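J.: Protein chains in written order, with the UniProt record's numbering: chain D, 1 to 338; chain W, 1 to 243; chain G, 1 to 255.
The hints are simulated quantities; they were obtained by calculation from the structure and are not laboratory data. Among the hints, a few may not be true.
Unchecked claim - Quick list of in silico lysine to any residue cross-link-like pairs, SDA-like style, CA-CA up to 25 Å:
| id | chain 1 | residue 1 | chain 2 | residue 2 |
| --- | --- | --- | --- | --- |
| 1 | G | K143 | W | N107 |
| 2 | W | K120 | G | K143 |
| 3 | W | K75 | G | T217 |
| 4 | G | K143 | W | T111 |
| 5 | W | K71 | D | R32 |
| 6 | W | K75 | W | M1 |
| 7 | W | K120 | G | E131 |
| 8 | W | K71 | G | R206 |
| 9 | W | K71 | G | G218 |
| 10 | G | K143 | D | D37 |
| 11 | W | K71 | G | E205 |
| 12 | W | K75 | W | D185 |
| 13 | W | K71 | D | R38 |
| 14 | W | K75 | D | R32 |
| 15 | W | K75 | G | L209 |
| 16 | W | K75 | D | R33 |
| 17 | W | K71 | G | K143 |
| 18 | W | K71 | D | D37 |
| 19 | W | K75 | D | D37 |
| 20 | W | K71 | G | L209 |
| 21 | W | K71 | D | R33 |
| 22 | W | K75 | G | S219 |
| 23 | W | K75 | G | R206 |
| 24 | W | K75 | G | E205 |
| 25 | W | K75 | D | R38 |
Bear in mind the structure is a predicted one, so any value in this text is a computation, not a measurement.
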Amino acid sequence: MHVPDGFFNVAVSLSAGVVAAAGVAVCLRGARRELDDRTAPMAGLVAAFIFAVQMLNFPVAAGTSGHLLGGTLAAILVGPYTAVLCVAVVLLVQGFFFADGGLTALGINITLMGIVAILVGWFVFRLITRTLSSRTAVVAASFVAALISVPAAALAFSLLFWIGGTAPIDVGTVAMAMGGVHVLIGIGEGLITAVTVSTVLAIRPDLVYGARGLAVPLVLRGAGGDVTVTRESPVPVSSRRPGWFLPAGLAVVALLAGIVSFYASSSPDGLERVAQDKGFIGQATDHSLAEQPLADYGDAGGIPVGVAGLIGAGVTLAAGGGLFFAVRRRTRKEEVSV
Amino acid sequence: MTPSLEVSRLAYAYPDGTQALFGVDFAIGRGERVALLGPNGAGKTTLVMHLNGILTAGHGTVTVAGLPVAKNSLKEIRRRVGLVFQDPDDQLFMPTVREDVAFGPANLGITGEELERRVKDALDRVGMLETIDRPPHHLSFGQRRRVAVATVLAMEPEILVLDEPSSNLDPASRRELAEVLRGLDVTVLMVTHDLPYALELCDRALILSGGVIAADGPTREILSDADLLAAHRLELPYGFAPP
Amino acid sequence: MGAGHHHQLYRAGDTLIHRLPPQCKLAAVAGFALVVVATPREWFWAFGLYVLLLAAVALAARVPAGFVLRRMVVEIPFVVFAVAIPFIGLGERVSFMGLSLSVAGLWAAWNILAKATLGVIASVLLAATTEPRLMLLGAQRLKLPPLLVQIAMFMLRYMDVILEEMRRMRVARESRGFVARDVRHIPVIARSAGALFIRSYERGERVHLAMLSRGYTGSLPIIQDLSASSRQWLIAGMLPGAALVTLLGTWGLLA
Chain D
1 MHVPDGFFNV
11 AVSLSAGVVA
21 AAGVAVCLRG
31 ARRELDDRTA
41 PMAGLVAAFI
51 FAVQMLNFPV
61 AAGTSGHLLG
71 GTLAAILVGP
81 YTAVLCVAVV
91 LLVQGFFFAD
101 GGLTALGINI
111 TLMGIVAILV
121 GWFVFRLITR
131 TLSSRTAVVA
141 ASFVAALISV
151 PAAALAFSLL
161 FWIGGTAPID
171 VGTVAMAMGG
181 VHVLIGIGEG
191 LITAVTVSTV
201 LAIRPDLVYG
211 ARGLAVPLVL
221 RGAGGDVTVT
231 RESPVPVSSR
241 RPGWFLPAGL
251 AVVALLAGIV
261 SFYASSSPDG
271 LERVAQDKGF
281 IGQATDHSLA
291 EQPLADYGDA
301 GGIPVGVAGL
311 IGAGVTLAAG
321 GGLFFAVRRR
331 TRKEEVSV
Chain W
1 MTPSLEVSRL
11 AYAYPDGTQA
21 LFGVDFAIGR
31 GERVALLGPN
41 GAGKTTLVMH
51 LNGILTAGHG
61 TVTVAGLPVA
71 KNSLKEIRRR
81 VGLVFQDPDD
91 QLFMPTVRED
101 VAFGPANLGI
111 TGEELERRVK
121 DALDRVGMLE
131 TIDRPPHHLS
141 FGQRRRVAVA
151 TVLAMEPEIL
161 VLDEPSSNLD
171 PASRRELAEV
181 LRGLDVTVLM
191 VTHDLPYALE
201 LCDRALILSG
211 GVIAADGPTR
221 EILSDADLLA
231 AHRLELPYGF
241 APP
Chain G
1 MGAGHHHQLY
11 RAGDTLIHRL
21 PPQCKLAAVA
31 GFALVVVATP
41 REWFWAFGLY
51 VLLLAAVALA
61 ARVPAGFVLR
71 RMVVEIPFVV
81 FAVAIPFIGL
91 GERVSFMGLS
101 LSVAGLWAAW
111 NILAKATLGV
121 IASVLLAATT
131 EPRLMLLGAQ
141 RLKLPPLLVQ
151 IAMFMLRYMD
161 VILEEMRRMR
171 VARESRGFVA
181 RDVRHIPVIA
191 RSAGALFIRS
201 YERGERVHLA
211 MLSRGYTGSL
221 PIIQDLSASS
231 RQWLIAGMLP
241 GAALVTLLGT
251 WGLLA
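All chains, full assembly: derive it from the sequences and hints.
T.: Below, the structure is given as structure tokens:
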């Protein structure tokens, strides 16, 4: 599902890049809290693990096979913050070193496969395990969470496609096709995730982040017989969940991309056609041209869409950069205050 | 003279309650090469983890050249105790041999030409200078173990602690590593169950068994005492007798 | 994603392109990709010029065409997708060899194929001429957070180790007669994945100990200085610069 260059217009690509950067910034802070100075080696090894399991092709139905995305699995095993970092790094490495996934689409890929898939997966997982806590419930929750996370990412893809895709396909068709195929892939993802989690639970239950509530109480053996004590929580579980991030992030993508596409679309189709029909391009550059139908790009005074796209990109970057630094600054402040 | 390493009354239990060390006592003089022998599960690795403060003693002390291992002395302790892990892939984590060997001294704040000198010197001492720009995972297993030794030599340690240095080595690599170790003028503590290797390299041996030091003496005498070895699940290879 | 997919693209060499500081190359390729994505799809000859620009870079870096073409396989899933667009696309339709195709869909397919291909070629050239660890240092100079760079560094270092462990587990499975054929075999594969995770995690813990043993306090020492001269930035800027000139020039000609 690695999106290449050219699939989305510049505005959506860059907006998603901003969301990805802000999400990664939040997760950098969260992961440090989960792992402190172990973050780099542990997350690096888990990223290598995800990279490896993504190569496990599993049979879906006769003749077709899918491969694991691994985001939900990583979230359940090492926690959602670290998982986002791991998936982001896997995508960075695939983009930089293997030319897999376009560089301008990196933000989209990280947003979809990292942030959306993991947030949805982790949310579903927590929803189930909060009401039912047993080993079976953890495994079952892993299955459901992983299953849902894949079509959720596919639907987010459709949403972005609707905002700034470069192909004239009915968004309903895209959503149906993407969703349908990815429900099938999601079943495989869910099965592998559940069995993997149950294997780790059987051998090293202490390594499963999502099952930390299951630790058995300790027994103190003394003269007066055995005394059972509750275990002190080894890692304080964050009270503030990143649950707000998905809706906020998608809203920001939609807003940024929508506004920027509207005024300075680099999209050579869909929106642009609408823009041409309605004369928006003229409006965006010169109000006096608003009534003039723009026959082609060479129309005097009309800035070509490509150039307008670059201008739009600049605007997006400025807006997004502001958001990113706002998150970063807040992060720093909190680090000091902790 | 202050011994390089002094361990006294060291006891330790894991967080889950399993006790691994029950009062370990020994001292190693400067320049000595000592073998630490013991069966699996005797607490060898746990003991090694105490020597540079990765684990904190539940009771007792570890002193390196007069400096006790404590929270506030960790940085200096980790410079003085060079730990070579069993799997060189765990130890060589940087992208190139040069960066890996430089990692330790750079953490000590050494930079520039002094850093370069230390890196080259350490690699030269293990005979691996020509691999300086190669990625560690392109080296053979024996070469990786020698580079692992260089990574701690570059920190100019007081004592070199090797965990199973001869494991997984082919005979030629095993001999080459022995030559390298014999040529070093540092104190060495070698944890192993390769008894002939211990005899070849170390004049003195300790047996750690059941979480205490069960024997301490010349390696040759210890390896000649069949009853002692049998009592601690140590066995010489078939056909091998200490000369 | 096939099995041989993890082979790295880097080809050692000593050309002008190889010697450029990685941060310059990264910025240049990203800028180039951005210009390409921003180009209206009707400007065919602008795309032609982009191909020539990349060909010039490949020539300067002595990267053979065959090498680049072989690496294009990563694109295949999207070629399939792009080919499907004209059939499912909306709007006015044309008939070609008895097939009813959407005009807008054809345009979209061309747009995706052209831009994705240019993007992949540019990325392949970047990866082929830049050592992975230098690329990471370059990314750090471009303000990628150091922690992210460290994670990526560890991932690259241990990727082969873990893939090798995975391969050994597969050999162990297959030597006992197991071949994954259908859905019922997923649990077996997943149990291997569980075991692989435990091994990876425990290795991570050991690596962390090894780092602590050598004085790690949370940040990696930067041993290599990667400063770029303005001349090097100028050279690297030629690729996105020429692309931008093409974009603007095409607009000027059409105007």
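J.: Taking the hints in turn, state whether each one holds.
T.: Hint check results:
1. The hinted pair formed by K143 of chain G and N107 of chain W meets the criterion: a straight-line CA distance of about 22 Å does not exceed 25 Å.
2. A distance of roughly 31 Å separates the Cα atoms of K120 of chain W and K143 of chain G; the hinted pair therefore is violated under the 25 Å criterion.
3. Distance check on the hinted pair: K75 of chain W and T217 of chain G sit about 9 Å apart at the alpha-carbon level, within 25 Å; holds.
4. With a C-alpha separation of about 23 Å, the suggested pair K143 of chain G and T111 of chain W falls inside the 25 Å cut-off, and the hint holds.
5. At roughly 21 Å between alpha-carbon atoms, K71 of chain W and R32 of chain D fall within 25 Å of each other, so this suggested pair holds.
6. About 23 Å separates the Cα atoms of K75 of chain W and M1 of chain W, which keeps this hinted pair within 25 Å; it holds.
7. Pair hint K120 of chain W plus E131 of chain G holds up; C-alpha atoms about 22 Å apart against a cutoff of 25 Å.
8. A hinted pair counts as satisfied when its Cα atoms are at most 25 Å apart, and K71 of chain W with R206 of chain G qualifies at roughly 20 Å.
9. A distance of roughly 16 Å separates the Cα atoms of K71 of chain W and G218 of chain G; the hinted pair therefore holds under the 25 Å criterion.
10. Between K143 of chain G and D37 of chain D, the direct Cα distance comes to roughly 20 Å. Compliance with the 25 Å bound is thereby established for this hinted pair.
11. For the hint pairing K71 of chain W with E205 of chain G, the CA-to-CA distance comes to about 20 Å; that is within 25 Å, so the pair holds.
12. Distance check on the hinted pair: K75 of chain W and D185 of chain W sit about 23 Å apart at the alpha-carbon level, within 25 Å; holds.
13. Restraint check: the Cα-Cα separation between K71 of chain W and R38 of chain D comes to about 18 Å, which is no more than 25 Å; the hinted pair holds.
14. The hinted pair formed by K75 of chain W and R32 of chain D meets the criterion: a straight-line CA distance of about 22 Å does not exceed 25 Å.
15. The suggested pairing of K75 of chain W with L209 of chain G holds, with an alpha-carbon distance near 14 Å, which does not exceed 25 Å.
16. For the hint linking K75 of chain W to R33 of chain D, the alpha-carbon distance of about 23 Å falls within 25 Å, and the restraint holds.
17. Annotation: proposed proximity of K71 of chain W to K143 of chain G is violated, straight-line Cα distance about 34 Å (limit 25 Å).
18. A threshold of 25 Å between alpha carbons decides the hint, and for K71 of chain W with D37 of chain D the separation of about 16 Å falls inside it, so the pair holds.
19. A C-alpha spacing of about 15 Å is found between K75 of chain W and D37 of chain D, which places the hinted pair at or below 25 Å, so the restraint holds.
20. At most 25 Å may separate the alpha-carbon atoms for a hinted pair to count; K71 of chain W and L209 of chain G meet this at roughly 16 Å.
21. Distance restraint check for K71 of chain W and R33 of chain D: the Cα-Cα separation of roughly 21 Å lies within the 25 Å cut-off, and the hinted pair is therefore satisfied.
22. Under the criterion of a C-alpha separation no larger than 25 Å, the hint pairing K75 of chain W with S219 of chain G is consistent with the structure, at around 15 Å.
23. With a CA separation close to 19 Å, the supplied pair K75 of chain W and R206 of chain G stays within the 25 Å bound.
24. For the given pair, K75 of chain W sits about 20 Å from E205 of chain G by alpha-carbon distance, which is consistent with the 25 Å threshold.
25. A hinted pair counts as satisfied when its Cα atoms are at most 25 Å apart, and K75 of chain W with R38 of chain D qualifies at roughly 17 Å.
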